[in-house]
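> Each chain is listed here by its residues.
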Amino acid sequence: NAGVTQTPKFRILKIGQSMTLQCAQDMNHNYMYWYRQDPGMGLKLIYYSVGAGITDKGEVPNGYNVSRSTTEDFPLRLELAAPSQTSVYFCASGIGVSYEQYFGPGTRLTVT
Amino acid sequence: GENVEQHPSTLSVQEGDSAVIKCTYSDSASNYFPWYKQELGKRPQLIIDIRSNVGEKKDQRIAVTLNKTAKHFSLHITETQPEDSAVYFCAASIMGNGGSARQLTFGSGTQLTVLP
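Chains as they are written, first to last, in the working numbering: chain A, 1 to 112; chain B, 1 to 116.
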């Protein structure tokens, strides 16, 4: 199994540009999450999904959108990128919130 | 919402000594408390977790204790080794509508350095 994969690994965006961060898992997990990690800080939940077609906001959803059309994929969309969105983005998946979350390798995003 | 506070933010210990990291949570309904380790430039990985029906759990050199009354839990690492150097995050589940937990709230992390 590849586990949780994320693309791209690195990206530089100009202010106002948009992009989609891709996340896929091959473990048939229903739960998927998007976190951001600012330098020296903890993980902040952006959005999560408990199954295909079901998404909900986390702690810091502003400036982001998600969709979950399949069990495997959970893309994160950034609209009108701002410098405050410079961060490392982690996708994670699991069988339930009270079980291990498997994290992807992360996407390092810089907005200038 | 749930608030998880983690202390200390940095911790240095001599190799072979023990390390203790503490977290407090605010929601008495939280019932799942994992600990994740993140090495520099890597993804977080679960090292141990505990559920609210258990007071202590051990896995070799790592142990976690939970005090539900005081709403705090701690990570204990004994006989520390240089490869234990990393950032450690605690987390607590928070309950969504309908009484089911749907997400975790993470603490701000502790940078542990094991000095040779």
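It is worth saying that the hints were derived from the structure and are not from the lab. Be a bit skeptical, because a hint or two may be false.
As the list claims (entries may be wrong) - Capping the alpha-carbon separation at 16 Å, the derived lysine to aspartate or glutamate pairs in EDC-like fashion look like this:
(1) B:K37 <-> B:D84
(2) B:K68 <-> B:D49
(3) A:K57 <-> B:E5
(4) B:K22 <-> B:E5
(5) B:K37 <-> A:E72
(6) B:K22 <-> B:D49
(7) A:K44 <-> B:E56
(8) B:K71 <-> B:E15
(9) B:K42 <-> A:D26
(10) B:K71 <-> B:E5
(11) B:K22 <-> B:E56
(12) B:K68 <-> B:E15
(13) A:K44 <-> B:E5
(14) B:K37 <-> B:D27
(15) B:K68 <-> B:D84
> Against each hint, give a clear statement of whether it holds in the structure.
Results of checking the hints against the structure:
At most 16 Å may separate the alpha-carbon atoms for a hinted pair to count; B:K37 and B:D84 meet this at roughly 9 Å. Of the pairs offered as hints, the one joining B:K68 and B:D49 holds, with about 15 Å between alpha carbons and a cut-off of 16 Å not exceeded. Restraint check: the Cα-Cα separation between A:K57 and B:E5 comes to about 22 Å, which exceeds 16 Å; the hinted pair is violated. As the CA atoms of B:K22 and B:E5 are separated by approximately 8 Å, the hinted pair is consistent with the 16 Å bound.
As the CA atoms of B:K37 and A:E72 are separated by approximately 25 Å, the hinted pair breaks the 16 Å bound. Restraint check for B:K22 and B:D49: the C-alpha separation of about 14 Å stays at or below 16 Å, so the hint holds. Proximity of A:K44 to B:E56 is assessed by CA-CA distance (about 27 Å); at most 16 Å being required, the pair is judged violated. For the given pair, B:K71 sits about 30 Å from B:E15 by alpha-carbon distance, which is inconsistent with the 16 Å threshold.
For the proposed pair B:K42 and A:D26, the alpha carbon gap of about 20 Å is over 16 Å, so the pair is violated. A threshold of 16 Å between alpha carbons decides the hint, and for B:K71 with B:E5 the separation of about 11 Å falls inside it, so the pair holds. This hinted pair checks out: B:K22 and B:E56 have alpha carbons roughly 14 Å apart, not beyond 16 Å. Note on B:K68 and B:E15: the hinted pairing is violated, with a Cα-Cα distance of about 31 Å set against a maximum of 16 Å.
A C-alpha spacing of about 14 Å is found between A:K44 and B:E5, which places the hinted pair at or below 16 Å, so the restraint holds. Using a Cα cut-off of 16 Å, the hinted pair B:K37 and B:D27 is violated, with the two alpha carbons roughly 23 Å apart. Proposed proximity of B:K68 and B:D84 is contradicted: the alpha carbons are some 27 Å apart, above 16 Å.
Going through the hint list in order, the structure does not satisfy hints 3, 5, 7, 8, 9, 12, 14, 15.
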